[in-house]
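Taken in sequence, the protein lines are chains A and B. Per the numbering used here: the first sequence = residues 1 to 446. Per the numbering used here: the second sequence = residues 1 to 474.
Calculated from the structure, these hints are not laboratory results. We put the beta carbon where it would ideally sit given N, CA and C, even for glycine. One or more hints might be untrue.
[Claimed, not checked] Which stretches of chain B does chain A cover? Using the computed rule of at least three CB atoms under 8 angstroms from a CB of chain A, they are:
#	stretch
1	15–27
2	31–40
3	57–69
4	106–112
5	135–148
6	255–267
7	283–292
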Amino acid sequence: MSELSADSRPPLKRSPALSEERVRERLAKRYARERRFRWYCRGAVAVAVLFLVVLFGDILRKGWGAFLAAEVRLEVLFDPAVLDPQGTARNGQIDPQTLAYADFSALWRQPLLARFPAAGDDRAVRRQLFALMSDGAGYELRSMVLDDPSLIGSRRTLWLPADDEVNLLLKGHVPRQVAEEQRRLSDHQLAWLDDLEASGDLHLGFNVPFFTNGDSREPELAGILGATLGSLFTMVITLALCFPLGVATAVYMEEFAPRNRWTDLIEVNINNLAAVPSIVFGLLGLAVFLNFFGLPRSAPLVGGLVLSLMTLPTIIISGRVAIKTVPPSIREAAYGLGATPLQVIQHHVLPLAMPGILTGTIIGMARALGETAPLLMIGMVAFIVDVPGGPLDPATALPVQVYLWADSPERAFVEKTSGAIIVLLGFLILMNGAAVWLRRRSEHTW
Amino acid sequence: MAVTCRRAARGSIRLVKTLLLVAVLIVLAAVGHRLGRAKARALKAQGGRLHSLPGHYGLYVALWCAVPALLVLVAWVSLQGTVVDALVVSSLPQEVRELPPQRLDLLLNDVRNLASGGITSRQADPAVLAAAQRLYELRQIGFASLAVLVLLCALGGLALAWRRVAPELPAIRKVESTVKGFLLAGSLVAIFTTLGIVLSLLFEALRFFGRVPLTDFLFGLNWSPQTALRADQVGSSGSFGAVPLFTGTLLISAIAMLVAVPVGLFAAIYMSEYAGRRQRSVLKPLLEILAGIPTVVYGFFAALTVAPVLRAWGQGLGLDVASESALAAGAVMGIMIIPFVSSISDDVITAVPRGLREASYGLGATQSETISRVVLPAALPGIVGGVLLAVSRAIGETMIVVMAAGLSANLTANPLQAVTTVTVQIVTLLVGDQEFDSAKTLSAFALGLVLFVVTLVFNVVALHVVRKYREQYE
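Construct all of the structure, not just a fragment, from the sequences and the given hints.
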């Protein structure tokens, strides 16, 4: 550039502004601005990725512990004298009714006392010792005996669940150095726990109750089975309702609908519905399904109805796009062979558009799985301990369970909430992965 | 727990019986299909020229068998509840019928529970027991008559259609127009949903505006939603001025857009202009992941991680940051919205014709100058549309603010204080234990109506702007 301006042409009128050094200076500034701009852009991407990493890292850090639970190894004697103190057994068989009401916690208290006999003298100290174990220990022993009454009279070495405070201790959340009154675990309890750990009788085992129990006020007993089943029923109903309706609407609008004001209205309608906040659908569900139709509150049926209305626009829009990508030549070839419009759709268009429609459906389902606000409105937010048996039973859903646990004041619930989030994200990753795989597999070149 | 199981079992026995009836209908329809097809084949074998394939005649018979019967079933099931209730009430003694509506409802509930084998609210008196017995009998009679009626319809339809099967019957045309009718009916569901939303919100909101004037609601500065249960109750004066809610929503949305628009826009510029294909194929899904995370997770992150950190930083700087500050909720909401802004901006920037870019390069502009002086102004309408859609999303977002923003209606512009938004109030008002008629719960519907209208306006404007922009380059 400098060669051109110096020799071949007369100097321009505004020569001071356009002297060689000036031009080179400006060029350097412009290149510097370009580099800065590029760094801004890179920075923005880095910030977004950083947010993602921090979010996932935080959840994982908080939640990995939910999959481990503190367990204590005890040698339990299923003593018939303890289980049946009145001696109502006949032919060596204890009546199931008596068994159901027997005191199973006595079975684990005995070996615990045997291990730390010094605690037996003072009642308050003994209570501290027993507070180390969870109520779940008694329930586990009970279900073992009820499933297999031949256990009575035998001796077994079992890993039984400990209290949630022990859990927190093993995961490092209990500050040992503060004074005893400021801790939830007393000095006695810490001493016993250290002893158990040293002898290998206290460890963190895989937390099966997290996956097999329903909700509970006790953190160590709370599990996600109820919420998972509720979500499953809700998803099944959502899919059963919105997939046929969505495909029907997409087919009608693409293939049969005339181009007039009414169909334009339907189209505008659907686009708007896709962007309505989800809480408004919850209000709709509350006003129409619960108050007007009188459907049962908190039931996955109503949740499924509300979520299917919410997912319908997504399926319709993606279905229309998928049907539009089928080239007209295929349709015309079918017509040329004498097929009726429905035969063309049934035999040619739908099979070819199906991967696209399924991708859209899976993405819509994944969005519905993570929705909480509409379910809050229709009452799936109650504290429900039972695992639901069907779509009409009161239930909660996985994201609502996360919301409920996040509200709980106990420290141990933070871990549970994060663990439930990890499970929820796991399902979502599966579904989105399936959608991506399906999309990649169905990328035709016509 | 055992009682609940039993009661649930009773409820689902009725469901199972109805489903069984539907299954019988389906079997009958299949039988009709076979019969119709067989007759058509026989006619063809005798030398007649069929209008359609034999299978279509079978479908014709099957549809005539199933569809009228299903319509009768659906109509009956939806109306049975009300009719049976009315009959039971008319059988109750006079003084019971004249109870106030809530007491009557409670009584009816007891009657229903007794009839299903569950527990009642108190010891049942003879009138209730008699009514429960009558309800049980009515339900049995009702189901029996329903089954008979449905089966009669199905068999009648089957016979009628089978008789009509003849070579000149244009079965395929009739079947296809029926199916087209179903498809049309399906598409109307979307319209009915919108109508349902608007009507239900409007209905309840109008009931609210009957108690609290519209101007008080839209322009009042004091949000304190309480309704008195007794005349002398403390705190019985409720004021429903929603302006603090609107300003709270705007504050949090503004903070969210401050985070999302720069990051989203620059990320979109990077992905469309600077990134190579491999980088783009990695980065685009990463940003999509941000959009796929449930908002409950964001809310948890905001409440348990971001808010305490902000509070600690604020205290370190000597500022008083509330533990439920608008800044925490807004920042996390901004993170959630980044993918919306970035994906729409990416699309519109890529859609700008290459000719414009290359003309700019030809004049000696650097890449950043081309972007900032040529591409972005050309893409501006689309980007603005995307930003408007993102704002609409931010306004309607619920879970992040429910978990991370406060409940007290503060009229402030200070992001370090706690504010509440429209969606938080809707959730709080409806998830509590209030009777449905009070002004408190109705105000939630009024808020919902405002939310719906505002987001609708934003969406319509945004889509209009984006569409208008796309037409310029067609």
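Hint-by-hint comparison with the structure:
no. : hint    : result
1   : 15–27   : violated (count 1)
2   : 31–40   : violated (count 0)
3   : 57–69   : violated (count 0)
4   : 106–112 : violated (count 0)
5   : 135–148 : violated (count 0)
6   : 255–267 : holds (count 6)
7   : 283–292 : holds (count 7)
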